[in-house]
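There are 2 protein chains.
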Amino acid sequence: MPTTQIHAALPGRSLRAGSAKTSPVRDLLALTERPEVISFAGGLPAPELFDLEGIRTSYDAVLGSPAVLQYSTSEGNAVLREEVARQYTAAGLPTEASDLIITTGSQQGLGLLATALLDPGDTIFVEEPCYLAALQTFALAGARVIGVPYLDDVLDLDALESLARQHAPKFFYTVPTFQNPTGRTHDLEARERIADAARRHGFRIIEDEPYRQLRYSGDELPSIAAFAPEHVLSLGSFSKVIAPGLRIGWVRTTADIQPTVTIAKQAADLHTSTIDQAAAAHYLTSGRAGAALDRIRAAYSERRNAMLDALPTALPSGSTWNRPDGGMFVWARLPEGMDATAALSAVLSHDVAYVPGAPFFAGPPDERTLRLSFTTYAPDRIRTGLSRLGAAWSATGSVKA
Amino acid sequence: MPTTQIHAALPGRSLRAGSAKTSPVRDLLALTERPEVISFAGGLPAPELFDLEGIRTSYDAVLGSPAVLQYSTSEGNAVLREEVARQYTAAGLPTEASDLIITTGSQQGLGLLATALLDPGDTIFVEEPCYLAALQTFALAGARVIGVPYLDDVLDLDALESLARQHAPKFFYTVPTFQNPTGRTHDLEARERIADAARRHGFRIIEDEPYRQLRYSGDELPSIAAFAPEHVLSLGSFSKVIAPGLRIGWVRTTADIQPTVTIAKQAADLHTSTIDQAAAAHYLTSGRAGAALDRIRAAYSERRNAMLDALPTALPSGSTWNRPDGGMFVWARLPEGMDATAALSAVLSHDVAYVPGAPFFAGPPDERTLRLSFTTYAPDRIRTGLSRLGAAWSATGSVKA
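Which chain is which? The protein sequence lines are A and B, in order. If you use my numbering, the first sequence corresponds to residues 202 to 602, in order. If you use my numbering, the second sequence corresponds to residues 202 to 602, in order.
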């Protein structure tokens with residue numbers, strides 16, 4: 202057989218894996234782990250606000266029966282799905298338990314939808330800037346990712362229209378409420394117009410809502426799904442409401458794609474932890490969850506206010522930032538000529554940290570932007586950290602505020 | 202803009218998702234859920250053998266600190282990785298904690314390796330027949346899957362050689378010990394020859410070992426990784442040793458692919474449940490795990506023996522089956538002219554069930570084969586079920602044993 206070829210070298214990683222990079226934010230976070238650093242870089246909830254005792258009680262209750270140690274269905278715990286469906290329906294979006302698939306955090310939901318919907322080379326839209334781990338997931342799926350720009354704090358809906366005409370995307374991925382990294386929220390009109398564009402141009406919407414329940418001011422807004430039910434797949438999570446360590450999220454599917462997402466879930470990990478799902482269902486129906494969420498919201502609201510009050514003296518003169526009604530993040534922009542990535546090492550030497558905005562952009566980044574998280578520390582510590590930040594800018598070679 | 206095109210229809214699912222089917226075994230299991238059915242179809246561990254009290258104690262212990270409710274690293278709990286590394290090293294395969302990535306069950310490990318290694322159209326090898334959920338994962342990755350046949354109960358190593366020369370596969374996926382669905386084990390010589398073929402032809406091996414610790418007779422065998430450390434990626438799981446509901450497994454990586462698998466894990470679900478990982482680490486270092494595993498092994502060994510003793514009167518005359526040294530499954534073959542799928546509905550009318558072998562084949566199936574699980578029931582119930590099975594064959598139109 203003269204055509205036989207003997208290979209000696211190991212095959213390399215896949216092309217799609219080669220296109221994804223380890224999260225630059227994670228790499229940066231490694232630099233902020235010195236205990237003396239006050240880090241506004243992370244996106245971590247405040248552990249002292251978790252309802253540890255209530256959660257522990259729920260785990261103990263469900264571990265009274267061996268059923269929670271067994272394999273389970275890929276779709277997920279029935280009581281948990283009923284409870285999530287009830288919450289959607291109460292918020293104005295009629296939902297059945299059968300519309301829901303429980304996932305190992307909403308990050309997994311992103312991966313399942315990528316598997317169900319994307320082939321390599323498909324085009325998708327994201328907000329510019331966008332949640333970093335979503336960009337990573339779409340890169341691993343081999344997608345061509347196009348960012349829809351903002352005009353100041355508002356999505357450029359005319360750009361969405363004209364990009365949709367040009368590119369026929371498979372879907373538009375959006376975090377409509379208190380977005381990561383920007384804290385921005387699409388208002389009612391934007392939600393209607395996004396839904397309308399999806400219907401007219403025949404693309405889907407992936408609406409990722411981890412922060413919706415973290416509202417401290419302003420009125421509740423309807424899901425985009427309410428305006429285009431057949432076009433919208435919604436992702437949710439208990440990471441910000443109960444605790445992230447449980448890794449429980451969900452996909453609210455549409456009928457046409459539900460079987461495909463279920464297959465993707467089976468292939469991904471068979472099912473989410475039976476124990477964690479049962480404990481979450483027990484906790485949510487225990488009557489403790491509402492009070493715990495109120496406590497979290499009250500604390501985060503104070504922390505947001507502390508940050509907004511201190512920012513004028515913490516950022517260089519000429520900086521701008523937004524005032525989010527909820528979530529975990531403030532998005533700021535340094536004056537012309539400054540670079541948030543370049544300035545970070547000097548800032549870190551003052552034992553304070555932020556995340557540069559650049560890695561969150563799918564296309565050419567705005568190097569002046571940065572993200573500040575206000576959830577991790579009590580107000581006093583936030584003020585101390587922002588005072589350090591204010592002192593740090595002179596060391597970056599820029600004029601301090 | 203005359204080239205503008207308005208799309209009205211929703212985009213469909215991805216091509217790769219279209220190539221994967223919902224698990225036929227899961228569909229069949231739905232038929233066996235009547236409580237009066239004795240089902241040898243499932244692959245479920247016996248819940249009464251779980252160390253419920255020990256596991257509950259470990260959850261309660263780790264839920265004394267809010268740290269387990271927080272986000273964690275993608276690589277996983279440090280104590281848990283140390284413990285798995287210690288177990289590998291003790292079994293003769295030197296392993297560092299840094300070689301390991303904790304996964305949400307070993308099923309996720311399969312998906313991560315598919316992401317890290319496979320692009321659509323890549324060729325891979327599996328055993329023929331093969332673990333069904335692995336076939337599903339490889340189909341979703343767009344792989345071209347080629348089955349390596351067995352000669353009776355032994356892998357056809359000459360066929361492996363000649364197929365490797367022809368196809369240059371990215372990897373060979375194997376469950377070397379007490380395979381699902383066949384209960385087969387590669388002996389020492391086969392392991393050496395598989396490793397040798399990988400080195401000479403330059404393919405990787407994915408060695409999936411969920412059943413290794415479920416040995417009831419015969420001697421321990423070394424991992425294939427011991428013979429070709431740079432070529433072998435190993436998957437492991439606590440599903441059969443602690444309990445499946447925790448969804449904890451791991452990938453033992455090689456240095457060249459570790460960063461890529463870590464990226465795939467980040468994108469898949471950020472990390473595995475912090476709580477479940479901490480509880481597993483606590484449980485494994487509590488000193489209770491060894492006794493629990495001994496109890497599981499003793500019970501499964503009795504159950505295997507009960508099944509093997511009853512099979513001569515439970516299967517039609519002329520049937521053959523193997524006698525596995527461990528695991529959960531016996532693989533049987535009906536006499537010529539019989540079809541295990543066609544016979545199943547008549548068998549189910551006798552309130553007993555098995556899984557036909559056909560869905561486990563990547564290529565043309567052997568319709569005479571079937572899989573029987575012996576772990577779910579106590580010996581008496583196994584005898585009752587197999588007695589029903591013996592009575593069922595006349596109803597299938599075949600001669601009873």
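By construction, these hints were calculated from the structure, which means they are not laboratory data. Be a bit skeptical, because a hint or two may be false.
[Unchecked claim] Stretch-level coverage of chain A by chain B, calculated; a stretch enters the list once three of its residues show a Cβ under 8 Å from a Cβ in chain B:
1) 334-345
2) 451-462
3) 483-490
Glycine included, every Cβ here is placed at the ideal spot set by N, Cα and C.
Exercise for the section: Output the numbers, in ascending order, of every earlier hint that fails for this structure. Expected result: Hint 3 contradicted; others consistent.
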